[in-house]
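Visitor: Grab the two chains, each in its own frame, and use the hints to assemble them into the complex.
Taken in order, these protein sequences are the chains called A and B.
With my numbering, letter number 206 in the first sequence gets 310, and the count goes up by one each step, no holes.
With my numbering, letter number 264 in the second sequence gets 1321, and the count goes up by one each step, no holes.
To be clear, the hints were calculated from the coordinates, so they are not data collected in a lab.
One or more hints might be untrue.
[Unchecked claim] Cβ-to-Cβ under 7 Å is the rule here; a few derived chain A residues that face chain B: (1) N144; (2) F150; (3) M216; (4) M234; (5) F376.
Yeah, the Cβ is synthetic: ideal placement off N, Cα and C, and Gly gets one too.
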Amino acid sequence: MANHAVSLRRSRLRRYGTSYLMLVPFLGLFAGFLIWPLLNSLYLSFTSFDGIKPPTFTGLENFRRLLVEDERFRHALGNTSVYVAASVTLGTLLSLGLALAFNGSSWPHRVMRTIFFLPSVTSSIALMLMWKWIFFPSDVGLANTVLDWFGQKAVAWLATPGLTVPILVLMSVWGGMGYGMVLYVAGLGAIPEEYYEAARIDGASTWQQFRRITLPLLRPVTTYVVVTGLIGAFQVFEAVYIVFRGTNQIGGVLDSGLMIVPYLYDQGFTHFKLGYASAVAWVLFLIIFVISLVNLRLGRATKEL
Amino acid sequence: MAIAPTTTPPGAAAVSPRGAARPRSRRARVNRHLLRLPFYLLSLTMIVPFYWLLITVFKRPAELAKLPPSFVPEQPVLDNFYDPLWSPSGVNPGHLQGIFQRFQVDFGFWRFMFNSIVITTAITVGSLLICSLAAYVIAKHDVKGRKVVFVMIIASMMVPWQTTLIPNYVIMRNLGWLDSYAGYIVPALAKAFVLFFLVQYLQSIPDELIQAARVDGAGEWRIWWRIVLPLLRPALAAMSIFIVLAEWNNFLWPLIIVQSDEMANLPVALARLNSYFAGPDHQGAIMAGGLLASLPTIAFFLVFQKYFTRGIALSGLRG
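Chain B on its own, in the form it takes in the complex (with noise of 0.2 Å):
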């Protein structure tokens, strides 16, 4: 459950991470303790909002319609969820439909689920497969205009996404790609951050492996697939954290594509439920949705630890 230490990057010795540096006297080390101790205290203030979001989830409608509002679930239920004494007709008061009751497509909110896991694992696999190709093509290959190509795309990291929101969504629709889903991934694939770390992170690779597998009668597409790709591994990496949470993220560029109930990813479909309703009693079931939404990318925190503060590292040191 927590952050792995980062690793040091190379060229620097291995050294102890500062904190741990020894002070002299008994004195400074309490002086060192206690100038910690606003940091403890404001720990607490990133504790208490996560655990009012999970007691929420837990209590019952009527609970959190009650004043003074519990921090313990009187009796946690999974009602939010799924309540199978809620009737549409209202025959039973006080029961009130759970996350996976509320929305009128099939499956429900695992609809939206899917789509999320699904948008976001295509943009991830297939903007690393394309920038990974062109940041080969611009590290290695002595190519005319490739110098030219890299400025142009390292000046366009400068543009806000935005700026380009209007001529796109007019684009999805011209194509027929609004509510659907080549207009969430097909327009995001072309990342220039991605491939600009790319880039850099191949120019420190020694051309010798690439040379030798030229020399072996290997093609273009084999070398990048069998020893750029591997050789890519770690920054391949960084950057899938990077996509995959600034996807499993992305709010406004759905809001914007997306009509249909069954096409919303979670961020939509939560921002719908939450603009139409609004009472206390309705907050268990939105912060159910909430916390389903969040446990996939947690999920690939707690799993790719290192990787999330060795990712970051890399691309704050390097970009």
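The following block holds chain A by itself, in its conformation from the complex (with noise of 0.2 Å):
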């Protein structure tokens, strides 16, 4: 009896060891490279750190400057949230539209989902490059030529504050809408047909089938697609490296294309401040923890378990 235990205690031992070897790989590469550093940037938060010599404490002031007295990064929270905003709500608006055009299995359908869908298979560094000369300040770019069709003067797109905005939201909602609409052409297809079949006997209109079928029932679709739309665009930062970085400014003429990455980028790997960027870096972790946490997602998970 006793040495059935021992070796039943044995042979879990085993099994168990195994169980732990096999979540070494990942644990060790997690706690390395995802753990210690994100509790490493908080303590860098709390220090004056440029790189070569050692991290020296300075309590919130980093949190202090960033928050009361820095007019750059104020410009670059604004410049994202604006951003965030337009290019999520526009995203989510188009893709649904073109999840309900074009959802069937005819091929005009199919060949449209793939034009729609192309950017996203495309190098996003291509799609920047190919922004920047579209908008290009004289006549040859494609933009210009256009408003020369109509007898418009040349405009130098990337080198005027009020465009900087509005030229990023239409690169992110061109290059991402196709995206979105996979997406929702998945949701549609998982409504079962019967419910419409029942909603026309009952002689309910389109638009009421769609106010009352489709949007209800597509809601966890709509809810990752803005999301996952608000936590990528929350994290911009190549749309603007690329497009408008000037020789000295990261964000474009007068910083009007700043946001919250590329200015953690100015600050850490321009200006080698990189306490103060980790703590620009904790700013954005803390918005995006609490669209995550709207998002309850961790509740949802868990339970399954």
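Guide: Pasting the structure below:
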């Protein structure tokens, strides 16, 4: 009996041992390149650190400067908010519209879906360079050529502060709506046709069917599209860096395109204020953390285990 | 060339897509087409920029600087890829370097293509192996602490990776991994989202197969390799699409860790090109580089189309 218990314990240990061993690669990398850096960046955000001399503790000084004094950061927050609100709203509406328009299996619908999805599989840097060329300041650019057809003078698109955020929104919506469309098409496919049949028998109009069946049943997809859209939009970087960066200003003319992550890059890797940049990183973290909490994904996922 | 219609998830009866629902009257049908019209027009705004990119690639540099711009290349050339008449001394005015002549590294532009392919492949294969191992334990092993670990990993999905950018940069510097493949690959292997997705997928698979293998005396590693991985194939396909696209386009991390010309991936190489050359006559070579950088992912999409839409749908409906 006792012998049996011992061997059982030993075999369980052996099995457990293997289990833990199988977790080691993931957990090691996870701890080394995510958990530790995360805690480290929290610590660095309370220090002054140039990357060479050891960091010196300065308490809340970074955050005080960031939130009270730093006009550039306030500017970056403002720009990012406008950009996020506009690009996510427009992107989601257009994704839904496209999905409703082209969710059939006929070839025109399939071709349309492919066309709108194409930016999602094209190199994103290539697309940024393409936009930069389209908005070329002289008449050789496509945007100015189109203006020229209507007798308008050439516009310095990328050097006009008021146009910076709208152009960034345009690039984001243009590139992202096909992806949202694919999600919505899948969501539409999951709605049983019987619901619509029943509604039609009851005399519901197309609009009523849309309002009472389609929209409510698409809510999980909408939540997903909006939340991932918000998170992605807050992290915008390369569009600003590639299209708007000037010789000494990362955020374009008068910082009109300065956003949170470009500012983080600017402070950390142009000015080597690594402590200050860590504080920026933690503000970004808090913003995205709040969005994720609202999404309550955590609660849903753990319930299933 | 077209996205296949997404399959209906299990549980839902095979339904015709909603757009195919037959409206009762002719007027309703006409209305439906009218409602679609703006979206057909919108597709022009998708096609025109791509067309502009394509024709730019095949125009001579001199033609790119001409006014008004042409919408069909006067005489399509491949000079923007490689111009045999270009010479460093500039004896042939009007001839500029093609994209393959622009970088002072061995193998020129091919080097960046090679870097991108190596890095993307290594991260995709490596992270799928590592994440599937951990997912197998978390989903199917009754070990202590797995719940805590899983909650922690899910919680970490709320962390924007840029928050760890600065400490990770310092770590790379201390390890001497700046400007190396290790610096690209190793920090990118443990992907919380992939693990989360694989755990969810495994939980929907009954335990019997694994139990049966255990009864037959198969070890855990063997079970993972011979049973779990094949069972996970659709989930791995879906995840590999996300990983490939994300790593192929990865820009901010390489921008920070790459110092030499040789170790740039395609995005960083193109960004550098973009900051050195600005005139309209250089756009041909720049767009040629962009086109070349896009071809692998577009080809990947065309080959695995079915998995793309299915994978995206799966992540959206489950996640």
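Visitor: Of all the hints given earlier, name the ones this structure violates by number, lowest first.
Guide: 2 and 5
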